[in-house]
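Asker: Read off the chains here:
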Amino acid sequence: MSIVSASLDHAGRPDRALNADALAADARRESRGLLALLSPGLFLVFAVIIVPIGWLFWLSLFDETGQLSAANYARFFEQASYIKTFVTTFKVAFIVTGACVLFGYPLAYMLSQLPRRAASICLIFVILPFWTSVLVRTYAWLVILQRKGLVNSWLIDLGVIGQPLPLANNFSGVVIGMTHIMLPFLVLPLYASMKTIDVDCLRAGMNLGASPAATFRQIFFPLSLPGLASGVVIVFVLCLGFFVTPALMGGGKVIMWAMRMEQTTSLYSNWGAGAALGVVLLGFTLALLGLFQWLLGARATGVWSQR
Amino acid sequence: MLLSLAQSALPIAIGGIEKRFGGVSVLHDLGLDVAAGEFLTLLGPSGSGKTTLLMILAGFVRANAGSIKVGGEEIITMPPHKRNIGMVFQNYALFPHMNVFHNIAFPLKQRRVSATETAERVERALDLVQLKGLGERRVDQLSGGQRQRVALARAIVFEPRIVLMDEPLSALDKSLREHMQIELRNLHRRLGMTTVYVTHDQREAITMSDRIAVMNAGRIEQIDQPEVLYAKPQTKFVAGFIGESNFVPVECRNGSVWYEDRKLRMTTAAPSAGRHLMVVRPEKLRLINGEQSGDVNALPATVGDVIYQGDSFVCYATLRDGRQVTLRDYCRSDVLAKLPGPGEPITLGIDAQDVVLVADQ
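The listed protein sequences derive, respectively, from chains A and B.
Numbered according to my numbering, the first sequence spans residues 1 to 307.
Numbered according to my numbering, the second sequence spans residues 1001 to 1361.
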């Protein structure tokens, strides 16, 4: 600024810097223009996210008689069934996420190592279930897993078991059905991150004396962790609010948070209590996301180097 | 001294290497001997097979046939992690999740070197590549030149018997690249490791190498010291790839070589009868006045254009047969004073000892 004004100050008088006002006005005009371009998006966010969530929160503060009270939240601590639902929800989410990692990691690894053509064909099979309705897939699992379903009749015919295994209409049915539905959400980000791992890094590992297994452990696996973490977050968060599969496969024995909400609002028409359930789930989900973000953020800045 | 590679440097004997990708043959019966402690460069255009040969040496690509002996021991079927060969990759291939120290300590960790010795050796390797005190840096905090040095330190810290380098300087800017060329050469002189270096940059190869193997289409065209390669290319490809060359067709009959109706004066024996090409380097030509006796060959020509380049000038001239040749000379005042203009007839001279013939393929 000073250089410009000094060099242009021909007459030697303390003048305004050349075109300073015009440039400042131009900058303001540009800001206004950008704001105008952003406004449809901002309006949408406000109308469909901020307003409904605010309303939800507002609703949760009133009891059935329309009085302002904390009764909807106090209920969570007073009634054991709420606590049980809460525990079940997290238990299902943990187990399903674990199962997805167990199946998804080797699958994503295989996809990342296949030649390009074969990988894209196999990827279609991973994505295909995405295009099928969750409801259809859940009923399909019911057919396969029920008392006289495919799995049980085969196992009995083969003489492996005498009595049918309780696979559907209970906890294991929920886990099997949800794992199937959640798997692509883990595999896709994991595959994407594995594809970005430099082949030369793995070659360098072996060149420097690490066996293939040691190269996988010390180089490939740590480099695939960010992708694994984002897959885990997606699956876990989706599990927390999942409704269809537990409702159909649980046989009424596995009550998850979303089912509780449905009961509260449609069965008992208690909007305040339902809203409180929603707020609590949202709060926990946000807290979890924050925790992951914090952990991942620490990783991204290199704290995860081997100490 | 950190690395006593000089005593442990081993010779490499490569023989009969065949490599096909799909049905396409990329290396044909390739043989090459590298002396212990030698800096040998594989030089060639892309697709010449130089990188494939390096990958076969490192064990990342399996040859279809052939033998690689390091100090007499056959390693062609040995897995890469047992070969004890250090390699610097083109993109450095540093481990992004480890800091500089752990990158360099990686090969020592695999060899179960104790923590104290590891720390000591990494420290000395960092010192050697002039990165002292940067051990705690993350890889993404380093400049290109620093990454290059870390890759180098990592490749030599475990005292490998051979070091391979795959165009390690190609990602650096020109001045840094020239600086690193000198540094790499000095490091090689200090440590004396057997080095196989791959590049497509002929200037880099000439600057750094003890010997250069010029590769073309899966074969080694010529392997020689840089000065021999430049002065006495054996094939048209080598003459064209190393330095600038114009080719003038000549014919050999009755034991002497003829350019049109002029008998060439030369210091080497005439080759077999038939058509050949004379390799004419721009700096070997000079402007002479009329016919000269002695050991100079005169080529009449017409000036096309003269371009002044500060320290030197370039003169594009057309021979009588229509062929373009280039002359380059320093801008000495006596030469500048007699500089011809476009369209003027001139006589170009080339000394008998500078006449080099290659087969016309």
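Source of the hints: derived by calculation from the structure; they are not laboratory data.
Do not rely on the hints blindly, as some may be mistaken.
[As the list claims (entries may be wrong)] BS3-like mimics (lysine-lysine), calculated; alpha carbons at most 30 angstroms apart, straight line:
id, chain 1, residue 1, chain 2, residue 2
1, B, K1284, B, K1232
2, A, K195, B, K1109
3, B, K1082, A, K195
4, B, K1232, B, K1174
5, B, K1236, B, K1263
Just so it is clear, the structure is predicted and the values come from calculations on it, not from any experiment.
Asker: List, from low to high, the hint numbers that the structure doesn't satisfy.
Answerer: none
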